[in-house]
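Protein chains in written order, with this note's numbering: chain G, 158 to 454; chain X, 158 to 454.
Calculated directly from the structure, the hints in this document are not laboratory data.
Watch out, some of these pointers could steer you wrong.
Covered by chain G, according to a simulated footprint, are these stretches of chain X (three or more residues, beta-carbon under 8 Å) [claimed, not checked]: (1) 239–250; (2) 298–309.
Partner residues are not named here, just some residues of chain X that face chain G (Cβ under 8 Å, in silico) [said to hold, decoys possible]: (3) ALA178; (4) ALA188; (5) ALA200; (6) THR202; (7) GLY216; (8) PRO217; (9) PRO218; (10) ASP232; (11) ALA235; (12) GLY279; (13) THR284; (14) ALA359.
Residues of chain G clear of chain X, computed beta-carbon distances all greater than 12 Å [unchecked claim]: (15) GLU184; (16) GLU208; (17) LEU220; (18) GLU271; (19) LEU290; (20) ALA357; (21) ALA375; (22) ALA379; (23) ALA398; (24) ALA424; (25) GLU432; (26) PRO443; (27) VAL444; (28) LEU446.
Built from N, CA and C at the ideal position, the CB exists for glycine as well.
Protein chains: 2
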Amino acid sequence: MSRSGEFELIRRFLAPLATAAGAGGLEDDAALLDAPEGKRRLAVTTDTMVEGVHFPPDGPPSLIARRLLRSNLSDLAAMAARPEGYLLNLALSERIDDPWLEAFAAGLAADQEEFGISLLGGDTVGTPGALTLTVTAFGSASTPVRRSGATPGDLVFVTGPVGDGYFGLKAVRGEMEAPRLAERYWLPSPRFGAAEGATAAADISDGLVADLGHICHASGVAAVIDLEAVPLSAEVAALGAQARLDSLTGGDDYELVFTAPRSTAIAVGRIVSGEGVTVLDGAGQPVALARQGYRHD
Amino acid sequence: MSRSGEFELIRRFLAPLATAAGAGGLEDDAALLDAPEGKRRLAVTTDTMVEGVHFPPDGPPSLIARRLLRSNLSDLAAMAARPEGYLLNLALSERIDDPWLEAFAAGLAADQEEFGISLLGGDTVGTPGALTLTVTAFGSASTPVRRSGATPGDLVFVTGPVGDGYFGLKAVRGEMEAPRLAERYWLPSPRFGAAEGATAAADISDGLVADLGHICHASGVAAVIDLEAVPLSAEVAALGAQARLDSLTGGDDYELVFTAPRSTAIAVGRIVSGEGVTVLDGAGQPVALARQGYRHD
Chain G
158 MSRSGEFELI RRFLAPLATA AGAGGLEDDA ALLDAPEGKR RLAVTTDTMV EGVHFPPDGP
218 PSLIARRLLR SNLSDLAAMA ARPEGYLLNL ALSERIDDPW LEAFAAGLAA DQEEFGISLL
278 GGDTVGTPGA LTLTVTAFGS ASTPVRRSGA TPGDLVFVTG PVGDGYFGLK AVRGEMEAPR
338 LAERYWLPSP RFGAAEGATA AADISDGLVA DLGHICHASG VAAVIDLEAV PLSAEVAALG
398 AQARLDSLTG GDDYELVFTA PRSTAIAVGR IVSGEGVTVL DGAGQPVALA RQGYRHD
Chain X
158 MSRSGEFELI RRFLAPLATA AGAGGLEDDA ALLDAPEGKR RLAVTTDTMV EGVHFPPDGP
218 PSLIARRLLR SNLSDLAAMA ARPEGYLLNL ALSERIDDPW LEAFAAGLAA DQEEFGISLL
278 GGDTVGTPGA LTLTVTAFGS ASTPVRRSGA TPGDLVFVTG PVGDGYFGLK AVRGEMEAPR
338 LAERYWLPSP RFGAAEGATA AADISDGLVA DLGHICHASG VAAVIDLEAV PLSAEVAALG
398 AQARLDSLTG GDDYELVFTA PRSTAIAVGR IVSGEGVTVL DGAGQPVALA RQGYRHD
């Protein structure tokens, strides 16, 4: 292994990412974050990913970086927030060397460019255990959308095909041949703008049924999903009926599910009074689900 | 091992700590953080601690929690910021059970009360490796103090005895008998208010010489420390001359070092033009240091 010490590592790989003035070149005890003019409210979210638990060991470092960052940005999108910047905590296992870090930083740089954000600060340590990565992302949220605002009569929408992440992970693991799905696993697209004006929203990283269930729980309502209205990509649709069900409960998707009173867009379900999420088939009959959703834990 | 699942764990141990409205009961994709009225500027800091690297394995969970939180609060104090709230990321190793989590949460609750802050959000995952804990703390900073403002002619101050943390760790490890120092290791006191009006400040978690060195580097100046002016606790002073030197370069202290043009307080040194930090003995002669400071890395 050849790895720079902490200060050298920060200087070489991380300081170039800290383009915002508030990052202070990563030289201060804390970063400074200004709430945008007229928007004093910040949305803050954080995700920790452990190698072998949340992403495959020996995955490409640039894609590990971008997926980690995008999963946090997706949480901001679910709150109808706009991305401002992020912190990065690295607990580096012994196998991580400078070429790995260089590729990891290049992935972050690409997505900083794409989403117009800057690294603001963080912490870098060594660990005798598994590589552990944490991103904390900040967004401005003048009119944040929470999970608790759904009411009976609202319709339920998703922002794109469901199941690409679930089957994408199978493709990454070599269990099926689907390069586009593998890319969707590694590079989810945060749906900025989609949740604006919604009564409630969440990203579906735990699966559509589970995350709509979180909305229902927080809102004190129930939901009914029309199985045949749920959009699937062509690759997933071609896998058959069981794949359609698995797509509703599989994890690793980063589309949003949101509720709104009415829309010209096509709804996948509706909010009703009661508890829980029910899926109806084309004949209007409830579908039995083997599980509600995915948990890494 | 007996440990609750992620959702149950959050409900039992973490949700009771999320007292701020912006935490949304830990049910949303992101927390909401309002910049205080008239203070749009937030200070943000984050520290990751790995069991066996940054704290002794099998340390008391309540003290591990409080030290992690206080080390972050100390960074806010160094920026002259006031604490507002924090995020908590837990990567739990297999040995962590519910009693451990209960004691850990009790430690956080005690310090939330002491410092008037709330848990705002976080992430909880399992890890096959070492217990890895991250706190990200937020503070309001109307007039933040950075590391880059020291100028020749400024005096150098510390907020309290130096070396208690370094020798406290030895006490925790059973290498010496000093219960008060062990407590100082586990429960550092963030020096809120002390840095207000300073030209530059840092906490001395890397050691006085190293962190004053960071100020010098960021400010483009040098510093001279008067060895005999550096305050030591009675226990550390009793350890003799080498202990006095070790206290200047030992880590794990959470006093602040700051620079200011003049003061009625007693200075430990002064800022001069040039580079680096020089320590002078009672006869005004430079002292050779075996190392500049401590790094966990």
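The hints, checked one at a time:
1. Closer than 8 Å: that is the beta-carbon criterion, and the segment 239–250 of chain X has 5 residues meeting it against chain G, so the requirement of 3 holds.
2. Three residues within the 8 Å Cβ limit are the bar, and the segment 298–309 of chain X against chain G gives 5, so the coverage statement holds.
3. Among the interface hints, the one on X/ALA178 is violated; its C-beta lies about 11 Å from the nearest C-beta in chain G, farther than the 8 Å criterion.
4. With 8 Å as the threshold, the beta carbon of X/ALA188 comes within range of chain G, its nearest partner Cβ sitting at about 5 Å, so the hint holds.
5. At its closest, the beta carbon of X/ALA200 sits 4 Å from a beta carbon of chain G; the interface hint therefore holds under the 8 Å criterion.
6. Annotation: X/THR202 was flagged as interfacial toward chain G, and the flag holds, the nearest CB pair being 4 Å apart, inside 8 Å.
7. Hint status for X/GLY216 relative to chain G: violated, with the closest Cβ pair at about 16 Å, above 8 Å.
8. At a threshold of 8 Å, the smallest CB-CB gap from X/PRO217 to chain G is about 21 Å, leaving the interface hint violated.
9. For X/PRO218, the suggested interface contact is broken, since its CB lies about 18 Å from the closest CB of chain G, more than 8 Å.
10. Among the interface hints, the one on X/ASP232 holds; its C-beta lies about 4 Å from the nearest C-beta in chain G, closer than the 8 Å criterion.
11. Hint status for X/ALA235: holds, given a least beta-carbon distance of 4 Å to chain G, under 8 Å.
12. For the restraint placing X/GLY279 at the interface with chain G, the shortest Cβ-Cβ distance is roughly 6 Å, inside the 8 Å limit, so the hint holds.
13. Contact between X/THR284 and chain G, as hinted, is supported at the beta carbon level, the nearest pair being about 5 Å apart and thus within 8 Å.
14. The criterion of a C-beta within 8 Å of any C-beta in chain G is met by X/ALA359, whose closest approach is roughly 6 Å, and the hint holds.
15. For G/GLU184, the non-interface assignment is contradicted: its Cβ lies about 5 Å from the closest Cβ of chain X, within the 12 Å cut-off.
16. In this structure G/GLU208 is not separated from chain X by more than 12 Å, as the shortest Cβ-Cβ distance comes to only about 9 Å.
17. Look at G/LEU220: its CB is around 19 Å from the nearest CB on chain X, clear of 12 Å, so calling it non-interface holds up.
18. Every CB of chain X is more than 12 Å from the CB of G/GLU271 (nearest about 20 Å), matching its label as outside the interface.
19. Taking the minimum C-beta to C-beta distance to chain X, about 10 Å, the non-interface status of G/LEU290 is violated against the 12 Å cut.
20. Not every CB of chain X is more than 12 Å from the CB of G/ALA357 (nearest about 10 Å), against its label as outside the interface.
21. At roughly 5 Å from the closest C-beta of chain X, the C-beta of G/ALA375 falls inside 12 Å, breaking its exclusion from the interface.
22. With a least beta-carbon separation of about 17 Å from chain X, G/ALA379 lies farther than 12 Å from that chain, consistent with its non-interface assignment.
23. For G/ALA398, the condition that its CB be more than 12 Å from all CB atoms of chain X holds, with the nearest at approximately 30 Å.
24. Against chain X, the non-interface label of G/ALA424 holds: every CB pair exceeds 12 Å, the least being about 21 Å.
25. Under the 12 Å C-beta cut-off, the non-interface status given to G/GLU432 relative to chain X holds; the minimum distance is some 15 Å.
26. Non-interface status of G/PRO443 relative to chain X is upheld: no Cβ of that chain comes within 12 Å, the nearest being about 24 Å off.
27. Here G/VAL444 stays apart from chain X, with its beta-carbon at least about 24 Å from theirs, past the 12 Å limit.
28. Annotated as non-interface, G/LEU446 keeps its C-beta farther than 12 Å from every C-beta of chain X; the closest such distance is 18 Å.
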